[in-house]
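Participant: Since the structure of chain A is provided, determine the placement of chain E on it from the hints.
Residue-level listing of the chains:
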Amino acid sequence: MSNYWERYAVRRISRRRLLYGSGVAGAGLAGLALAGCGDDEEAPGGTQPPAGQTPGASPTAAPTEQPKRGGEVIFHLGGSPRSLDPHFDTFPYNTALTNNVYNGLYRFTPDLAEIVTDLATALPENPDQLTWVVKIHQGVKFHNVDPANGRELTAEDVKYSIERQSTNEPGKFQHAYFFLGKLDGIDTPDKYTVVFRTKRPYAPMMSYLASPWTLIINRETVEKYGDLTQHAVGTGPFIFKEWQKDVHMKAERNPDYWKQGLPYVDRVTWLFATDPDTAATMFIQKQVHAVIVSQPQLDRVRSARKDANYKAVPSQFWRQMRMPPTTKDQPYQPPFSDPRFRQAVVQAVNPEQVLDLVYAGDGVRAFGPILPIYEYWALPEELPEHKFDLANAKKLMQAAGVTSFRGPMIWATNPQADQIGEILKQQLAQIGVEVELQPMELAAYYNQTYSYKYTFSHHVPLNNPDPDENLSSYFGRNSTYYKHYNEEIFDLIDQQSQELDRERRRALVLEAQRKIVLDFPMKFMFTTNLHEFTDPAVKGWFYHTDLYDGRIETLWLDL
Amino acid sequence: MAQQERATIAEAQAPQFELRRQLPFYVDVLRRLVREKPLGLFGGALVLLIAILAVTASWTAPFEPNQLGAGGRLEAPSTAHFFGTDNLGRDVFSRIVWGARIAMFVGFAAVVVATFISVALGLLSGYFGGWFDILVQRLVDAFIAFPALVFLLGVVAVFRDWQAPFLQREGVFSTPVFIIIISLGILFGVGQSRIIRGAVLSVSQATYVEAARAIGVGHTRMILRHILPNVMAPIITLATLGLGNAILAEATLSFLGLGVPPDVPSWGGMLSREARIHMTVGWWLAVFPGVALSAAVFGFNMLGDALRDLLDPRLRTG
Numbered sequence: 028m029s030n031y032w033e034r035y036a037v038r039r040i041s042r043r044r045l046l047y048g049s050g051v052a053g054a055g056l057a058g059l060a061l062a063g064c065g066d067d068e069e070a071p072g073g074t075q076p077p078a079g080q081t082p083g084a085s086p087t088a089a090p091t092e093q094p095k096r097g098g099e100v101i102f103h104l105g106g107s108p109r110s111l112d113p114h115f116d117t118f119p120y121n122t123a124l125t126n127n128v129y130n131g132l133y134r135f136t137p138d139l140a141e142i143v144t145d146l147a148t149a150l151p152e153n154p155d156q157l158t159w160v161v162k163i164h165q166g167v168k169f170h171n172v173d174p175a176n177g178r179e180l181t182a183e184d185v186k187y188s189i190e191r192q193s194t195n196e197p198g199k200f201q202h203a204y205f206f207l208g209k210l211d212g213i214d215t216p217d218k219y220t221v222v223f224r225t226k227r228p229y230a231p232m233m234s235y236l237a238s239p240w241t242l243i244i245n246r247e248t249v250e251k252y253g254d255l256t257q258h259a260v261g262t263g264p265f266i267f268k269e270w271q272k273d274v275h276m277k278a279e280r281n282p283d284y285w286k287q288g289l290p291y292v293d294r295v296t297w298l299f300a301t302d303p304d305t306a307a308t309m310f311i312q313k314q315v316h317a318v319i320v321s322q323p324q325l326d327r328v329r330s331a332r333k334d335a336n337y338k339a340v341p342s343q344f345w346r347q348m349r350m351p352p353t354t355k356d357q358p359y360q361p362p363f364s365d366p367r368f369r370q371a372v373v374q375a376v377n378p379e380q381v382l383d384l385v386y387a388g389d390g391v392r393a394f395g396p397i398l399p400i401y402e403y404w405a406l407p408e409e410l411p412e413h414k415f416d417l418a419n420a421k422k423l424m425q426a427a428g429v430t431s432f433r434g435p436m437i438w439a440t441n442p443q444a445d446q447i448g449e450i451l452k453q454q455l456a457q458i459g460v461e462v463e464l465q466p467m468e469l470a471a472y473y474n475q476t477y478s479y480k481y482t483f484s485h486h487v488p489l490n491n492p493d494p495d496e497n498l499s500s501y502f503g504r505n506s507t508y509y510k511h512y513n514e515e516i517f518d519l520i521d522q523q524s525q526e527l528d529r530e531r532r533r534a535l536v537l538e539a540q541r542k543i544v545l546d547f548p549m550k551f552m553f554t555t556n557l558h559e560f561t562d563p564a565v566k567g568w569f570y571h572t573d574l575y576d577g578r579i580e581t582l583w584l585d586l
Numbered sequence: 181m182a183q184q185e186r187a188t189i190a191e192a193q194a195p196q197f198e199l200r201r202q203l204p205f206y207v208d209v210l211r212r213l214v215r216e217k218p219l220g221l222f223g224g225a226l227v228l229l230i231a232i233l234a235v236t237a238s239w240t241a242p243f244e245p246n247q248l249g250a251g252g253r254l255e256a257p258s259t260a261h262f263f264g265t266d267n268l269g270r271d272v273f274s275r276i277v278w279g280a281r282i283a284m285f286v287g288f289a290a291v292v293v294a295t296f297i298s299v300a301l302g303l304l305s306g307y308f309g310g311w312f313d314i315l316v317q318r319l320v321d322a323f324i325a326f327p328a329l330v331f332l333l334g335v336v337a338v339f340r341d342w343q344a345p346f347l348q349r350e351g352v353f354s355t356p357v358f359i360i361i362i363s364l365g366i367l368f369g370v371g372q373s374r375i376i377r378g379a380v381l382s383v384s385q386a387t388y389v390e391a392a393r394a395i396g397v398g399h400t401r402m403i404l405r406h407i408l409p410n411v412m413a414p415i416i417t418l419a420t421l422g423l424g425n426a427i428l429a430e431a432t433l434s435f436l437g438l439g440v441p442p443d444v445p446s447w448g449g450m451l452s453r454e455a456r457i458h459m460t461v462g463w464w465l466a467v468f469p470g471v472a473l474s475a476a477v478f479g480f481n482m483l484g485d486a487l488r489d490l491l492d493p494r495l496r497t498g
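Quick note, the sequences are listed as chains A and E, same order.
Convert by adding 27 to the 1-based position in the first sequence; the result is the number in my numbering.
Convert by adding 180 to the 1-based position in the second sequence; the result is the number in my numbering.
Mixed in with the good hints there might be a few duds.
[What the hints assert, rightly or not] DEER-style ranges, computed between Cβ atoms:
1) E/L229 x A/A456: 54 to 60 Å
2) A/Q257 x E/W239: 54 to 60 Å
3) E/Q343 x A/E538: 51 to 57 Å
4) E/L333 x A/R504: 37 to 43 Å
5) E/R215 x A/S330: 37 to 43 Å
6) E/Q343 x A/Q257: 32 to 38 Å
7) E/V338 x A/V160: 53 to 59 Å
8) A/N505 x E/A260: 41 to 47 Å
9) A/R96 x E/Q343: 56 to 62 Å
10) E/V338 x A/P366: 37 to 43 Å
11) E/G309 x A/Q257: 49 to 55 Å
12) A/P197 x E/G310: 52 to 58 Å
13) E/L248 x A/Q312: 49 to 55 Å
[Stated by the list, open to error] Just a sample of chain A residues kept apart from chain E, beta carbon distances all over 12 Å, derived:
14) G177
15) D304
16) P442
[Claimed, not checked] If you want the footprint, here are the derived chain A segments under chain E, 3+ residues with CB under 8 Å:
17) 321-328
18) 338-351
19) 416-429
20) 462-470
Derived by calculation from the structure, the hints in this document are not laboratory data.
Computed from a prediction, not measured in an experiment: that's the story for all the values here.
The beta carbon of each residue, even a glycine, is placed where N, CA and C say it ideally should be.
For reference, chain E alone in the conformation it holds in the complex:
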């Protein structure tokens, strides 16, 4: 009787168990994000909204971002201009929508570069260890000790007048934007490589790695098949958190006049130019780009924080 009850219970539980096991890993993460991390979900929704605005800017924005006289000079927010106009009569809402494009583009591109650098340095340094690890880590130490903003300003200032032959001279795909992306990528990538290295050191001690090593698996296969997939969690988390930082850094550079060219609408550029000159008479010039910037950074940070909780086995609950 008791045996039959146990069997019934096991049958009742079995489908549930099967269902969970059949869910792909990332779908499961998404499901848990919805169920367990509402703030992360909210952050993800914000990020999605900004991404949609960035992609659909040509349809979403009611005016061209640089259209002079789209409205009157310094008009307050109204139904005609949701976020008001700047001193050149340009529609602030349209500029914020178009600004999302440069923010997301620079953010994603910089994170791709940063991830490549951090994974390359972290994997190789952590896996091979020895003198190579010592050398790489001391260089990373030296780099981390260098003030981030000074590094960014220095790189951007030095290469400001350089023109890459394969890029446009202005616009989103221009050399100045490329330089910002590369410098942000280096800045974040080198710093993040320390975390990847830590994860690699931990994974390298795992039994399955020892087993793979025992049967003579080569370095390349070991790194790509056995180490890398098992450090994906910190990589994804770092990338998500890095996006917010990259967007903030781009805005900072634009604010300091070393960012994207002035005719490319960017949130930092809006704060630096029209807001800085006219915010005492046009609060909307500072508030709306500031809110957009905060929302993007908040969204990525919340999402990144939630993903870290969901992907890190040590932080898993239930």
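Pulled out of the complex, with its shape left as it was, chain A reads as follows:
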């Protein structure tokens, strides 16, 4: 047997070993490359530029420019829709397509400043406080594809759509709070007139009629396919062509669109990429015309695409740390049944620390159920009882007689949400609340969330322009996204929804928010900024303030 060291001087490393070594090195590099893949549902993020500032070129086209026809616009989307049904989903990936395949009666302007007509010819006539008469355009045709085959849209279609949306059927309740229980009936006196009769004065009626989810669908398509999960036939500017889950969606210009001359582009494609770095790279390499990136990618995109239109805006998505949902039959269990314990949990959470560490401070605090971006309706400052105060939280734990508590916390897993879970765990540990971290895959998380049975969760819900949507859908009598049983709060939310005087309604909205905050169902944390980019070739369109409104009929490409 010879000694290797003796042979070393005369033996060269064999080819086999060389290949093996390089293979291992390759495995190491592959391990590093892993860091560039994955998924992240959250687009928000952003650093230095203050909200609303536009350091790049103007995000909208100069009004004097003459729109050009043709071309294909390609968008990045952070994920694939769960369904193409506009009535029974809550993902913005859904409305990116459906807001271009369907029309609604009304829409918000991109800045949410006012409501304008879509299928309706004018704002509703109100002969009294309970009646809303809406006239719709004549000659509006569904897409000339099976089974609609270019049939004219009538008032019956509007009635069918609103009634379809107003269901409490399990799994289909997402937007039921818009009209379910609020309407006394819908009449169609003629083909082009719809009359909504509400049971009581209903302040958010116009907001819900203008919602990106309140779209007018085609009855025959529902009847033919059973649902609209995979199919979309409407009256909108684009005709749905293809949805390949987790890959892309495609639509083509509707040549018979009832709005003369629109849309301008021939085709639109939405490419799905969940990883924020991939999204940034797609835009840098000009594979997509528009993208929303997170704060860590911001500098890279801005330095690589100095030509791009850019805007930083506060997101409508915001972070809450929730405690157990409650109903009449599912009240709080100890120790949550003691409001002092709930307040201790709320005051032990330091949202500023979470915002600073995870998002580099790029966002704004939330003080209640309505975000500061809706300044008129939001609580102007944080109530003292809700503020981070560790010393008081410890006192409250003592007063409640709770020395320790252990319970699971769930959330939809993604890198940033996982880090938030880790921070919350450490913050709550300081008052003796031991949190077991249980990140969940998105679909499983939603199933759990909407079973309304969990101990802690941290969640990213949506805030909407009308205060009723932010109050009733989470804290109202028929809430869908969360359950918090408190008759006093229910009554206040009902009252504000029936108050047509704006100032008086505001007072009720503020009062309802105070009651909610002081009942300590959750910690209202923060919203992060969005960093929106479009290619300079994109004219006539920029991301709408309400990201759920994905309509691009006025977009044209300056190629």
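Facilitator: For chain E alone, kept in the frame of chain A given last:
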């Protein structure tokens, strides 16, 4: 005269011969590893270093692995923080040291499970043969045909919310870690059983086995006393090589968000979370966990490769 010379030579050689024969088998393997397989030795040293770090993490790591604000946000490597800090101000070096613990724990535990499965299947299938062998091998064929990552993701996803009553809900000894260990063990064990079976078939034809059979040795004794000890070489080699793969698989699962809970520092989790979000501004977040992972896999592969050479009589030199 010539006879005397031959006797002298024989005497001179005798002690050497005796010395070699007196060395225990594994000491001899170790000696040969040092003398003949420097890369294997280097791999073994790497493995030993990582194992020491894993065991002594509480003393070796300068900070608690999850300590927020141990340093500033995204600080580059410095004398205060050898591998820099992440966006939560946590010390990356400390997290890598603690990550070694979960990597080694999952790796060793998964290999124990895999070895048990592969030895059980391989021994029984190879020894008994016949319809039992055919049935087992077709099942193994079917399993091997199933994509490994799909199997892992499926098992972990299905049992993700299950809680074993005898395990903690979080931490190293928690149900999610247990599920990863079991699924990796099944994955590697079933595949490796084919190699063990091959070795068993070869040994079963040996003369000493025939002799044992002729004097009426029973199945249990035959398997445990005569077959198993003679297939230990491939078992040890497979286990060593499997460790690297198990560590890589755990990191992959953690990277995909299906691994250990987020508050248990793991190399895959570090790559998946802080590195994935911030690696464009903090290269150290991706490089150091990546290097740790590569070093562990490299170490086990080199060691396994060397052991295979040393333990397989067909590959012996000298």
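Participant: Each of the hints needs a verdict: does it hold here or not?
Facilitator: Here's how the hints hold up against the structure:
1. E/L229 x A/A456: 54 to 60 Å: Violated, at about 33 Å.
2. A/Q257 x E/W239: 54 to 60 Å: Between A/Q257 and E/W239, where Cβ atoms are some 58 Å apart, the hint holds.
3. E/Q343 x A/E538: 51 to 57 Å: violated (43 Å)
4. E/L333 x A/R504: 37 to 43 Å: holds (41 Å)
5. E/R215 x A/S330: 37 to 43 Å: violated (55 Å)
6. E/Q343 x A/Q257: 32 to 38 Å: holds (36 Å)
7. E/V338 x A/V160: 53 to 59 Å: holds (54 Å)
8. A/N505 x E/A260: 41 to 47 Å: violated (56 Å)
9. A/R96 x E/Q343: 56 to 62 Å: holds (60 Å)
10. E/V338 x A/P366: 37 to 43 Å: holds (39 Å)
11. E/G309 x A/Q257: 49 to 55 Å: Holds - the Cβ-Cβ distance for E/G309 and A/Q257, about 52 Å, lies within 49 to 55 Å.
12. A/P197 x E/G310: 52 to 58 Å: holds (54 Å)
13. E/L248 x A/Q312: 49 to 55 Å: violated (36 Å)
14. G177: holds (45 Å)
15. D304: violated (7 Å)
16. P442: violated (4 Å)
17. 321-328: holds (count 5)
18. 338-351: violated (count 0)
19. 416-429: Check failed, 0 qualifying residues.
20. 462-470: holds (count 6)
In summary, the structure is inconsistent with hints 1, 3, 5, 8, 13, 15, 16, 18 and 19 from the numbered list given earlier, while agreeing with the others.
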